[in-house]
Amino acid sequence: MGTGRLYAAVAAGGFRRYATYRVATAAGVFTNTVFGFILAYTYIALWAEKPHLGGYDQAQALTYVWVGQAMFAVMVLGSNGFEAELMERIRTGDIAVDLYRPADLQAWWLAADTGRALFHLLGRGVAPMVCGALFFELALPTDPLTWIACLVAIALGTVVSFAIRYIVALWAFWLLDGAGAMQLTWLTGVFFSGMLLPLNVFPGALGEIARLLPWSALLQAPADVLVGEADPLGTFAFQATWAVVLLAAGRLVQSAATRRVVVQGG
Amino acid sequence: MGLNSTGTTGSTGSTGDISNTGYSGYSDGMDRHFIELDRVEKVFDVRKKTGFLRRERREVRAVDSISFTVARGEMVGYIGPNGAGKSTTIKMLTGILTPSGGRLRVAGIDPSRERTRLAHRIGVVFGQRTTLWWDLPLIDSYRLMHRMYRIPDARYRENLDRCVELLELADLLDVPVRQLSLGQRMRGDIAAALLHDPEVLYLDEPTIGLDVISKAKVREFLRDLNAERGTTVLLTTHDLQDIEQVCRRVMVIDHGRLVYDGPLAGLHEVGDSERTLVVDLERELPPIEAAPARVVKVEGPRQWLAFPASESAAPLVARIAAEYPLVDLSVREPDIEAVIATMYAEQAQYAKQTEFAKQTEFAKQTEYAEQAEYAEQADPARRPGEAEETVP
Chain W
0 MGTGRLYAAV AAGGFRRYAT YRVATAAGVF TNTVFGFILA YTYIALWAEK PHLGGYDQAQ
60 ALTYVWVGQA MFAVMVLGSN GFEAELMERI RTGDIAVDLY RPADLQAWWL AADTGRALFH
120 LLGRGVAPMV CGALFFELAL PTDPLTWIAC LVAIALGTVV SFAIRYIVAL WAFWLLDGAG
180 AMQLTWLTGV FFSGMLLPLN VFPGALGEIA RLLPWSALLQ APADVLVGEA DPLGTFAFQA
240 TWAVVLLAAG RLVQSAATRR VVVQGG
Chain C
0 MGLNSTGTTG STGSTGDISN TGYSGYSDGM DRHFIELDRV EKVFDVRKKT GFLRRERREV
60 RAVDSISFTV ARGEMVGYIG PNGAGKSTTI KMLTGILTPS GGRLRVAGID PSRERTRLAH
120 RIGVVFGQRT TLWWDLPLID SYRLMHRMYR IPDARYRENL DRCVELLELA DLLDVPVRQL
180 SLGQRMRGDI AAALLHDPEV LYLDEPTIGL DVISKAKVRE FLRDLNAERG TTVLLTTHDL
240 QDIEQVCRRV MVIDHGRLVY DGPLAGLHEV GDSERTLVVD LERELPPIEA APARVVKVEG
300 PRQWLAFPAS ESAAPLVARI AAEYPLVDLS VREPDIEAVI ATMYAEQAQY AKQTEFAKQT
360 EFAKQTEYAE QAEYAEQADP ARRPGEAEET VP
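For the protein sequence lines, the chains are W and C, in the order given.
So that you can map any letter, position 110 of the first sequence is 109 in numbering that gives the first Met the number 0, and since no number is skipped, the others follow by simple counting.
So that you can map any letter, position 211 of the second sequence is 210 in numbering that gives the first Met the number 0, and since no number is skipped, the others follow by simple counting.
Keep in mind that the hints were calculated from the coordinates and are not lab data.
Just to be clear, a hint being listed does not mean it is correct.
Among chain C residues calculated to face chain W with C-beta under 8 Å, some are [said to hold, decoys possible]:
1) Thr93
2) Gly94
3) His119
4) Val123
5) Phe125
6) Leu143
7) Arg301
Calculated Cβ distances over 12 Å to all of chain W for the following chain C residues [to be verified]:
8) Phe67
9) Arg71
10) Ala118
11) Arg128
12) Pro136
13) Pro175
14) Asp188
15) Ala226
16) Ser311
For the chain W half of the interface with chain C, some residues (derived, Cβ under 8 Å), not all of them [as the list claims (entries may be wrong)]:
17) Gly12
18) Tyr40
19) Ala138
Values in this document were obtained by computation on a predicted structure and should not be read as measured data.
Don't be surprised by glycine CBs; every beta carbon is placed ideally from N, CA and C.
Can you build the whole structure from these sequences, using the hints too?
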């Protein structure tokens, strides 16, 4: 009970923190919308040349583009989320403050990141999606259940996204400077989440593997649920499995890190 | 149970007595040994690159067999030069670092094993770090503490009101933490550490970087806290005034060892510390003769005289003013680093003498050689060839 209230408070804090930066949010929405337009016209050209590429028709492909732009901030596919902050805290030794608190480190950051994701969904997800729907013909569902299923897939996706970044951030305990690891994760994330091209389009074995990797839970999964290309329950199971596996792995790394912890600085 | 009721009553009574006396003895001991360190060590493995793909492993003893106890309600200063092991000790006391050896108890709890349980009973303030949420108003961080430590609502309100009043935070509660000045933030951090009524408060350099007024506020608050609530306070600092104004007892640590534990006044005696009188004369003159002061440095018309810290400067100044053409003067207090350095050098010296007397084996000789090395490192200001002329 009490624990739930604590993490709810942390999540609320995470939400409000990002909500304070209104100009940054507006700039993000603008960028995502511009990129949405660029990608949308590229996809139109592509799908005109090769209709039904990856099993999508053009409307589905365009929906995919705008879902991608809407998820860009939510799933932290481009910008730095909490992991940069956590790494910095490890590097400077501020992590000491987090460690002596009577709270769980992973749960704490998960709660804060969930608050952030919720803000980004509302603040940076809705506007590009609406804009895309106004200017292009999208394959949006009419059944409210599909929308709800899509929201569940997004929620599960944010947990997977968090779990990946948490593990990466904890590497700072060993690497001290985690900028390289973060860059690598970012590049991997952009590619394997399907931010550039839907994973359905990837050929052969590469496509098979890409669709099984955890990153496909971030964008491909909710997009496919929305355009009706994937069975929602199967998708949830896939996402939840990755979430559990990665969170458990994160806990393992966390306990190893805190046991050998050398808190930096005086 | 019902059958031997008489027998059991007797035995329960007696065991009750035993456990009662046992308990009171235990809690008594707890109060006297509220914080207890018994030969605590912390060794870090440092890997040093010595060449291509070659690394040398070296052990660094950050804390080397330290033992002390702090009674409930004491205010103790924990001082020593940079890298002496102060923060490492504090981190072990909070449970975020595990000792490599020895026994450590805070309120009867082994910190590293029961970190979370201990967390409810301790408050921690790291002067150079903050527990507050950077982007959010101060009050949000306090609400978080409310939930995190599961503070009963009435208690939370009462403690918050008290801290807000005494630390003058009323106007700051709605200000985002990033907009606070260092002194305001520090006061905010201290309040955050006290909302859950901790029995002991650790402060790691709480006045670092603060201006005189902010320092005074923090010190006054700590004194009041101790007087009114009986909170045990352990603070590390570089500022001797923190100790003078807050603590009755001071512990000096150097190179991971406890080199002094006692009242502050005793520190100057043990350290044989000297104050320095800097005098500017009208012209260049031979070194001033004014025992017990001795001239340690001459630079043109300016002379540096060292005299025991326990002596008053007034008669000395009067004598010099009477006998020499004095233009200006200033008195420099011995700083804590110098006092500690002197103390440590003396220790090494003492060790050296006894070692020779005992004609000891090789192993111990290397030990004192190391100590002597520590002593040299302990005073970085001491330049080679100038050892006798140190101006503290």
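Each hint, compared with the structure:
Taken as an interface hint, Thr93(C) checks out: its beta carbon lies about 4 Å from the nearest beta carbon of chain W, inside 8 Å. A least Cβ separation of about 7 Å between Gly94(C) and chain W falls short of the 8 Å threshold, and the interface hint therefore holds. For His119(C), the shortest C-beta to C-beta distance to chain W is roughly 6 Å, which falls under 8 Å, so the interface hint holds. With a least beta-carbon distance of about 6 Å to chain W, the hint placing Val123(C) at the interface is held under the 8 Å criterion.
For Phe125(C), the shortest C-beta to C-beta distance to chain W is roughly 6 Å, which falls under 8 Å, so the interface hint holds. About 5 Å separates the beta-carbon of Leu143(C) from the nearest beta-carbon of chain W, less than 8 Å, and the hint is met. Here the hint on Arg301(C) is broken, as its CB sits about 36 Å from the closest CB of chain W, past 8 Å. A cut-off of 12 Å between C-beta atoms confirms that Phe67(C) is not in contact with chain W; the least separation is 20 Å.
At roughly 20 Å from the closest C-beta of chain W, the C-beta of Arg71(C) stays outside 12 Å, upholding its exclusion from the interface. The beta carbon of Ala118(C) is not kept farther than 12 Å from every beta carbon of chain W, the shortest such distance being approximately 4 Å. Distance to chain W contradicts Arg128(C) as a non-interface residue, since its nearest Cβ pair spans about 5 Å, not more than 12 Å. Here Pro136(C) does not stay apart from chain W, with its beta-carbon only about 9 Å from theirs, under the 12 Å limit.
Here Pro175(C) does not stay apart from chain W, with its beta-carbon only about 7 Å from theirs, under the 12 Å limit. In this structure Asp188(C) is not separated from chain W by more than 12 Å, as the shortest Cβ-Cβ distance comes to only about 9 Å. Against chain W, the non-interface label of Ala226(C) holds: every CB pair exceeds 12 Å, the least being about 26 Å. The beta carbon of Ser311(C) sits about 37 Å from the closest Cβ of chain W, which is more than 12 Å, so the claim that it is off the interface holds.
Nearest Cβ of chain C to the Cβ of Gly12(W): about 6 Å, under the 8 Å cut. The hint holds. Because the beta carbon of Tyr40(W) sits about 37 Å from the nearest beta carbon in chain C, more than 8 Å, this interface hint is broken. At a threshold of 8 Å, the smallest CB-CB gap from Ala138(W) to chain C is about 39 Å, leaving the interface hint violated.
Checked against the numbered hints given earlier, this structure breaks hints 7, 10, 11, 12, 13, 14, 18, 19; the rest are met.
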